[in-house]
Amino acid sequence: MINIKDIRDTARDMLAKGEVRTVIGYRRGSRGMPAEPAFITSPEQADELIWDPTCYHNLSLYLVHDRKISAHLQKNSGLPIAIVAKGCDARSIVVLMQEHYFKREDVYIIGVSCEGTGVLDERKLASHLNGVQPTLAAFDGDDYVFTTAEGEKRLPAREVMADRCLECRIPFPKEHNLVFGDDKTGRQLAEPFAALTKFEEQGNSERWDIWSHHFDRCMRCFACRSVCPMCYCDECVVDSITFPVTQQTSAAEKADRVRWIERSAMRSENITYLMTRAMHLAGRCTDCGECDRACPVNIPIRMLNNKMEREAREKFGYEPGASIGGPSLVASFLDNDPGDFIR
Amino acid sequence: MSEQQNYEPRVVAFLCKWCSSAGSDLAGVSRIQYPPNATPITVPCTGAVSPMYILSAFNKGADGVLVSGCHIGDCHYIEGNFLARRKMQLIMQLLEFIGVEPNRFRMSWVSAAEGAKFAQVITDFVDDLKPLGPQEKLKKADRI
Ligand code: SF4
Ligand code: SF4
Ligand code: SF4
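Just so you know, the protein sequences line up as chains A and B, in that order. Residue numbers are given in the working numbering: position 297 of the first sequence equals residue 297, and the series is strictly consecutive. Residue numbers are given in the working numbering: position 125 of the second sequence equals residue 125, and the series is strictly consecutive.
Hints listed in this document are in silico derivations from the structure and should not be mistaken for laboratory results. Each hint should be verified, as a subset may be incorrect.
Below, simulated BS3-like cross-link-like pairs (lysine-lysine); rule was C-alpha separation at most 30 Å, straight line [stated by the list, open to error]:
| hint | chain 1 | residue 1 | chain 2 | residue 2 |
| --- | --- | --- | --- | --- |
| 1 | A | K254 | A | K184 |
| 2 | A | K315 | B | K17 |
| 3 | A | K198 | B | K17 |
| 4 | A | K254 | B | K117 |
| 5 | A | K17 | B | K117 |
| 6 | A | K17 | A | K68 |
| 7 | A | K254 | B | K60 |
| 8 | B | K130 | B | K117 |
| 9 | B | K130 | A | K75 |
| 10 | A | K254 | B | K140 |
| 11 | B | K139 | A | K198 |
Not the full set, but computed from the structure, chain A residues with beta-carbon under 8 Å of chain B [as the list claims (entries may be wrong)]:
| hint | residue |
| --- | --- |
| 12 | L129 |
| 13 | N130 |
| 14 | Q133 |
| 15 | L136 |
| 16 | E201 |
| 17 | N336 |
| 18 | P338 |
| 19 | F341 |
Keep in mind it's a predicted model, so treat the numbers as computed, not measured. Each residue gets a CB set at the ideal place from its N, CA and C atoms; glycine is no exception.
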């Protein structure tokens, strides 16, 4: 069981000693129960930090933002940033370091173990509370306890946990400077890739029926891209609006740029967008689930990434976010990679 | 005749410059007959074929996409086709996953000496594509 006091003490202490610039963690949100990201810069603020089942955000996104801001200001960022990271978040940080986005000494990882549980899926919770609005959520062993206007409500965590947490193989941040909570790697709440396996039992045309409806709904708000720490490219191949334009860019140059797909939200373009994104995240996505959570029209984006993750694991023995010095999935190969599909 | 029989699939073929493209030339100079359905696009190496090319070909109306290059061990750039083998496996799985017919994407190794094999690969591909009919799933709709 994690005692929030330990996290607060660590943050306060590090800021007071001037060891870190900021501590990125979670605090009470302004929208009732859900936590929100917190940027703690002075020791007095440390008591704002919290840790509960609504801390689902992958905060490593803000390490990416920080890099972008310092690059823009052409300033060396100096002291490291401390960050509260769950297992999947810490693996994202590992991938970012593997890709040389920043160095190990630029970040101080305050790991938190998910222990026997994981984080909440608010969509699942809605069907359990019969319209009652919870104001607070807390961990308690294998349960979550919700505070509502009608008193306390206790639910087994596995009933309202995010699918990815049920299926999580390593609910522990292996890469850390400091870690709170016990390592419960090996706990198995659901088969890995359970939701994916169930979906894949359907035939080709059923799968297409389902996916085509999802693809129709996408409105290209790019929330999935914005929330993903791995989607850090300044220039995104699927989105011509991100192509940098300076005063020196000539009209001819602008016109000649390859526009692989249109920005309009048509099914064909949405497919190309989401498929390209899944390809670009193969071997990099650590299944933090943020894209899926952020999508305003409930497109199961996680399933696409999950599919790539399983292929990488089963065909190439590749595990994303396993080691900082390891090879990347698509820039490496093994002599015995399967090739029986090739004629 | 039904429409199905009149239908001629359009294949976009990404051929590596060193092997498969030379193989297709050999098929030509050897006067081997094969269906004229493939539009060849020469690339330096199969390793240079981005999955984006494949998605883009389907997006622009290809009925089938072929990627063909040197046999393992023969890559001019030593390891390009090893890298391609991984990437193509992934995009192939992803296409199938969303429900695109598996026969719409194909990969082959055809060396510069294998003109007959090249003709066979195209013939088989076109035969397999015909029963599927036009590819509409990933194709961009005409402008509204
Ligand atoms: S996916 Fe795993 S590490 Fe991430 S929040 Fe869920 S249980 Fe924790
Ligand atoms: S693709 Fe989604 S689940 Fe994967 S790292 Fe990005 S936000 Fe997280
Ligand atoms: S998949 Fe969802 S979050 Fe992503 S662009 Fe489409 S609507 Fe937005």
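How the hints compare with the structure:
Taken as a hint, the A/K254 and A/K184 pair is broken in the structure, with Cα atoms around 53 Å apart against an allowance of 30 Å. Between A/K315 and B/K17 the CA atoms are separated by roughly 28 Å; this keeps the pair inside 30 Å, and the hint holds. Between the alpha carbons of A/K198 and B/K17 the distance comes to roughly 42 Å, so the proposed pair goes past 30 Å and is violated. Pair hint A/K254 plus B/K117 does not hold up; C-alpha atoms about 43 Å apart against a cutoff of 30 Å.
Taken as a hint, the A/K17 and B/K117 pair is broken in the structure, with Cα atoms around 71 Å apart against an allowance of 30 Å. Annotation: proposed proximity of A/K17 to A/K68 holds, straight-line Cα distance about 26 Å (limit 30 Å). Under the criterion of a C-alpha separation no larger than 30 Å, the hint pairing A/K254 with B/K60 is consistent with the structure, at around 21 Å. For the hint linking B/K130 to B/K117, the alpha-carbon distance of about 20 Å falls within 30 Å, and the restraint holds.
Taking the CA atoms of B/K130 and A/K75, the gap is near 60 Å; set against the 30 Å cutoff, the hint is violated. Between A/K254 and B/K140, the direct Cα distance comes to roughly 23 Å. Compliance with the 30 Å bound is thereby established for this hinted pair. A C-alpha spacing of about 28 Å is found between B/K139 and A/K198, which places the hinted pair at or below 30 Å, so the restraint holds. With its C-beta approaching chain B no nearer than about 34 Å, A/L129 sits outside the 8 Å limit, and its interface hint is violated.
Checking A/N130 against chain B by beta carbon gives a least distance of about 36 Å; that is not within 8 Å, so the hint is violated. The restraint placing A/Q133 at the interface with chain B is violated, with a minimum CB-CB distance near 37 Å, outside the 8 Å limit. Violation of the interface hint for A/L136 is found here, the shortest Cβ-Cβ separation to chain B being roughly 40 Å, above the 8 Å cut-off. For A/E201, the interface hint is violated, since its Cβ never comes within 8 Å of a Cβ in chain B; the closest pair sits about 13 Å apart.
The closest approach between the C-beta of A/N336 and any C-beta of chain B is roughly 10 Å, which is over the 8 Å cut-off, so the hint fails. The interface hint given for A/P338 is met, as the beta carbon of that residue sits about 7 Å from the closest beta carbon of chain B, less than 8 Å. With 8 Å as the threshold, the beta carbon of A/F341 comes within range of chain B, its nearest partner Cβ sitting at about 7 Å, so the hint holds.
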